[in-house]
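S.K.: Based on the provided sequences and hints, a complete structural model is requested.
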Amino acid sequence: MERWRATNGSANGNFSGRSPREEITMLVVLAFATILLWHSPYGGYLLYPFTILSTWFHEMGHGLAAMAFGNDFERLVIFANGSGYALHVGEVEPSRISSAAIAAAGLLGPTAAGCALILSSQTRRATTAALAVLGIVLLASTLIWVRSLTGWVVLPAVGAACLWLAFRGAQNHRKFAVQFLGVQGCISIYRDFDYLFSADGMLDGRPQISDTGHIAQALFLPYWFWGGVITAIIASMVYWSLRRAHSR
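Mind the numbering: the sequence shown is residues 28 to 275 in our numbering, read in order.
Treat the hints as calculated values from the structure; they're not laboratory data.
Treat the hints with caution; some may be incorrect.
Computed Cβ-Cβ distance ranges for the label pairs, DEER-style [unchecked claim]:
1. P234 x Q198: 46 to 56 Å
2. I62 x S122: 32 to 42 Å
3. R48 x D227: 34 to 44 Å
4. M94 x Q198: 33 to 43 Å
5. G70 x L246: 34 to 44 Å
6. V180 x D227: 27 to 37 Å
7. L73 x I260: 28 to 38 Å
8. L246 x W191: 37 to 47 Å
9. L246 x N108: 26 to 36 Å
10. A156 x E49: 21 to 31 Å
11. L170 x Y75: 19 to 29 Å
For glycine and all other residues, C-beta sits at the position ideal for the given N, C-alpha and C.
M.R.: Quick look at the structure:
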């Protein structure tokens, strides 16, 4: 990937004008600001579209992984409270490995998307492409898989905003948007940290087995062990993407 090396304003330059250290500092500040907003009285309302986006990343992770193992991804449902599910069916009983991998893909999906967005923020072309691809995929997935009012309202709006930024937004606004969306994906696991280390969870007010619970059922070791493994993988992904994105 071509990186920005020249001075601000050059075709190959860092169009934000910030050093790698300043870039990382800004991302950390965005992460902490988001966490503080989550705990503020009205922060959840301000971040609501990004909560729904994180759920979309999570459920798309499940659905796409299911497709990779030969299952049919039938629909994606997102509820108003931010919970959701991806319904997938297969003709044969899934193997233990495929069941565990599909469950893990939902947990890793938001971070994988967030890291990809942060990495894309290092060139103008990649930044524009990332916003355009995200916008198109949001709109297409809504038409193909989403089957809930919350998804129909929020996801196309976010997708349209990404496309507008990609083709009409200022360059520094595009970069900030990609990095902000990337941070939301990377830290979304913070909202679900209890879920990550729980055998059970709630879906639209109904109890269900958690993703780590499904992994434990498939691979025998306890859910808290797999919660630790997923946490370590997420931390490694974020660390690697930050080093990669801001290395010289």
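S.K.: CB of G70 to CB of L246, is that within 34 to 44 Å?
M.R.: Holds, at about 37 Å.
S.K.: Just to be sure I understand the hint, the distance between the Cβ atoms of M94 and Q198 should be within 33 to 43 Å; is that true here?
M.R.: holds (35 Å)
S.K.: That 37 to 47 Å hint for L246 and W191 (C-beta), does it hold up?
M.R.: For W191 against L246, whose Cβ atoms are near 44 Å apart, the range 37 to 47 Å holds.
S.K.: Does the beta carbon distance between R48 and D227 stay inside 34 to 44 Å, or does it fall outside?
M.R.: holds (42 Å)
S.K.: Between the beta carbons of L246 and N108, is the distance compatible with 26 to 36 Å?
M.R.: Check passed, 30 Å falls within 26 to 36 Å.
S.K.: Falls inside 28 to 38 Å, the C-beta gap from L73 to I260?
M.R.: At roughly 29 Å between Cβ atoms, I260 and L73 fall inside 28 to 38 Å, so the hint holds.
S.K.: Take the C-beta atom of P234 and the C-beta atom of Q198, compute their distance, and say whether it sits inside 46 to 56 Å.
M.R.: holds (48 Å)
S.K.: Given the range 32 to 42 Å, decide if the beta-carbon distance of I62 to S122 lies inside it.
M.R.: For I62 and S122 the Cβ distance comes to about 38 Å; the hint holds.
S.K.: If I claimed the Cβ atoms of L170 and Y75 lie 19 to 29 Å apart, would that claim hold in this structure?
M.R.: holds (22 Å)
S.K.: Falls inside 27 to 37 Å, the C-beta gap from V180 to D227?
M.R.: Because 29 Å falls inside the window, the suggested range holds.
S.K.: Is 21 to 31 Å right for how far apart the beta carbons of A156 and E49 are?
M.R.: Because 24 Å falls inside the window, the suggested range holds.
When held up to the earlier numbered hints, the structure conflicts with none and fits them all.
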